[in-house]
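Trainee: Each chain is listed here by its residues.
2 protein chains.
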Amino acid sequence: MKIAIAGAGAMGSRFGLMLHKAGNEVILIDKWTEHVNKIKEVGLKANFNGEDIVEQIPAFFPNELEGKVGSIDTVILFTKAMQLDDMLQSIKSILSKDTKVLCLLNGLGHEDTVKMYVSEENILLGNTMWTAGLTGPGEVKLFGNGEVELQNVYSSGKESGLEVVKVLSEAGLNAKYSENVKYSIWRKACVNGTLNGTCTILDSNIASFGASKAADEIVRTIINEFADVAEKEGIILDREEIVSHVKSTFDPNGVGKHYPSMHQDLIKNNRLTEIDYINGAVCRKGAKYNVSTPYCQFLTLLVHAKEEILTAK
Amino acid sequence: MKIAIAGAGAMGSRFGLMLHKAGNEVILIDKWTEHVNKIKEVGLKANFNGEDIVEQIPAFFPNELEGKVGSIDTVILFTKAMQLDDMLQSIKSILSKDTKVLCLLNGLGHEDTVKMYVSEENILLGNTMWTAGLTGPGEVKLFGNGEVELQNVYSSGKESGLEVVKVLSEAGLNAKYSENVKYSIWRKACVNGTLNGTCTILDSNIASFGASKAADEIVRTIINEFADVAEKEGIILDREEIVSHVKSTFDPNGVGKHYPSMHQDLIKNNRLTEIDYINGAVCRKGAKYNVSTPYCQFLTLLVHAKEEILTAK
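Line by line, the protein sequences give chains A and B.
Take the first sequence: its position 299, counted from the start at 1, is 299 in full-length UniProt numbering, and no numbers get skipped.
Take the second sequence: its position 145, counted from the start at 1, is 145 in full-length UniProt numbering, and no numbers get skipped.
Warning: the hint list may mix true and false statements.
One copy or two, either will do: identical chains are not told apart, so a pair holds if it fits within one copy or between any two.
Straight line, CA to CA, 20 Å or less: simulated EDC-like cross-link-like pairs of lysine to aspartate or glutamate [to be verified]: (1) K232 x E163; (2) K288 x E51; (3) K288 x E139; (4) K213 x E34; (5) K313 x D203; (6) K232 x E111; (7) K313 x E25; (8) K247 x E308; (9) K176 x E66; (10) K268 x D203; (11) K257 x E308; (12) K97 x E240; (13) K31 x E41.
Honestly, the hints are just simulated from the structure, not real lab data.
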């Protein structure tokens with residue numbers, strides 16, 4: 001299958017690498033100059049479950065696709081949320097009327113952006129539990145296990161979705177077709193919505209935030225806001241199960257010792273955050289449905305204030 | 001007049017020093033060991049508008065008053081909010097049935113604590129715009145100008161209030177009798193309620209917070225919560241005037257370059273904050289009156305989480 005990874009950061013590189021190793025015709029697309037140039041020069045380097053490997057995968061900047069790359073069977077979107085629209089605009093030339101587009105970004109509401117460029121029957125929404133880390137331009141560290149689920153959310157047929165599931169699974173990515181991928185996307189957004197903004201503002205890892213007496217009320221209130229809004233979109237979240245799931249990340253011997261990705265973006269790397277696509281998205285949806293979301297709104301404002309105070313870019 | 005300053009930190013030392021210089025019989029009461037011992041040994045040192053002075057003012061720990069100090073005409077309360085109850089308990093022996101008690105603490109709801117120890121006709125509530133800084137045990141820096149207003153809020157007569165006003169004014173403290181001191185207390189609490197918690201959580205001075213695009217909505221929302229609750233206590237705050245007043249502090253060439261006292265307490269000195277007596281007090285009152293105060297509640301929780309993360313004491 002001809003596959004383009006649009007947004008070849010850590011996670012995009014993982015999917016690209018594994019799909020390439022499985023024999024697919026993969027290209028990587030990214031805007032990061034040093035990263036793309038390094039892959040063009042020496043290939044994508046990876047520490048893949050402890051083994052150092054290099055794979056020669058064609059890499060492109062978005063603006064050099066036209067004329068060089070023909071139409072693609074499946075595009076997998078893995079950009080940062082705020083770069084999605086720009087990326088879709090740039091890769092129009094490789095989207096044919098049959099190209100399937102699988103959106104695997106974190107956060108909520110990306111389908112509204114994808115719909116402006118791709119007809120509904122070609123859109124696949126997905127959610128993944130794989131992890132990946134960038135160790136430098138052109139270099140990733142990939143370990144552990146994961147899975148990915150996806151669904152044709154806008155069409156009755158699921159043939160195209162099943163075909164992509166097959167290709168992903170043959171590459172070892174443990175894919176499955178979901179009958180309710182939006183539930184999984186909301187559930188994951190609840191994890192990010194309770195931990196990312198708070199740990200960023202508090203400059204705390206997950207365990208230290210979780211150990212505070214205030215964490216229970218903060219987590220419950222934010223999850224209730226997410227669930228109130230999700231209900232208006234026909235998705236009935238199991239609030240207690242999600243509260244427990246979030247709390248399971250507090251273990252200091254497990255995930256808890258880590259700082260969420262938003263903390264790494266803003267506090268460590270001085271980059272703008274994805275808060276508008278997590279808590280901010282819940283506020284926008286809440287306003288539309290007349291559902292009150294004050295914790296999400298205040299947290300979004302605090303993270304934006306912190307971005308400005310640190311002059312993040 | 002025989003005056004006891006209960007809580008002789010920076011502000012208590014200013015009032016004590018100025019009242020002592022004006023010829024009153026002043027004693028200082030505080031729990032901070034090094035501070036009280038230093039004043040006992042060498043007197044209270046002050047840089048007073050640029051001039052270095054030392055005043056011999058009797059200083060006591062709360063537990064050594066009994067037997068040594070007789071009843072007092074006026075007690076001025078200047079403790080940290082969370083020490084008020086403990087202080088009142090400790091100084092019972094110097095409170096006679098005629099002792100006036102002037103409460104000048106920052107924050108809301110302290111009268112409920114004072115009422116447990118002092119009969120209503122002896123309680124004066126006040127609000128001050130003086131500033132002061134501690135430079136070390138037994139040493140303060142006092143510059144600039146200020147004022148203080150007070151009122152007998154629980155009795156129709158105002159004789160005792162006027163008497164205290166006279167003594168304070170004779171000491172240069174620019175006192176006046178107020179007909180609505182609770183308005184001033186709420187207005188000042190709005191300043192602290194919008195700036196203290198936010199600048200602490202964001203690790204920011206007032207100007208940097210104020211310059212962020214998010215500041216306007218945060219300030220307005222918090223002031224609306226304060227005003228909604230104040231209304232239930234019969235105090236109608238001028239919301240727009242208070243928003244403008246808060247924004248006037250954003251000037252980086254004025255107050256804006258400073259960090260609020262709560263930031264100094266928690267981030268600089270690793271001490272517990274007064275958040276429960278500012279935004280937290282609005283939440284408790286809001287719950288009583290069935291008024292929603294989500295921003296105050298979330299901010300209170302975030303500050304408490306930060307206290308725990310930093311293991312503040």
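Trainee: With reference to the structure, classify each hint as holding or not holding.
Mentor: Here's how the hints hold up against the structure:
1. For a Cα distance limit of 20 Å, the shortest separation of K232 from E163 qualifies neither inside one copy, at 31 Å, nor across copies, at 63 Å.
2. For the identical chains of this complex, K288 and E51 are neighbours neither inside a copy (49 Å) nor across copies (62 Å), given an alpha-carbon limit of 20 Å.
3. Proximity of K288 and E139 under a CA criterion of 20 Å is satisfied in neither setting, with 42 Å inside one chain copy and 57 Å between copies.
4. Within a single copy, K213 and E34 get their C-alpha atoms no closer than 44 Å, and across copies no closer than 33 Å, so neither meets the 20 Å cut-off.
5. With identical chains, the CA atoms of K313 and D203 are at most 20 Å apart both within one copy (19 Å) and between copies (19 Å).
6. For a Cα distance limit of 20 Å, the shortest separation of K232 from E111 inside one copy, 17 Å, qualifies, whereas the shortest one across copies, 45 Å, does not.
7. Neither within a single protomer nor between protomers do K313 and E25 lie at most 20 Å apart by alpha-carbon distance, with minima of 34 Å and 60 Å respectively.
8. Taking the shortest alpha-carbon separations for K247 and E308, only the inter-copy value of 17 Å comes in at or below 20 Å, while the best intra-copy value is 30 Å.
9. Proximity of K176 to E66 under the C-alpha cut-off of 20 Å is found in neither arrangement, the shortest distances being 33 Å within a copy and 77 Å between copies.
10. Taking the shortest Cα distances, K268 and D203 sit within 20 Å of each other both inside one copy (10 Å) and across copies (15 Å).
11. With identical chains, the CA atoms of K257 and E308 are at most 20 Å apart between copies only, with a shortest distance of 16 Å across copies and 27 Å within one.
12. Proximity of K97 and E240 under a CA criterion of 20 Å is satisfied in neither setting, with 43 Å inside one chain copy and 55 Å between copies.
13. In this assembly of identical chains, the alpha carbons of K31 and E41 lie at most 20 Å apart only when taken from the same copy (16 Å versus 69 Å across copies).
Comparing the model with each numbered hint stated earlier shows that hints 1, 2, 3, 4, 7, 9 and 12 do not hold.
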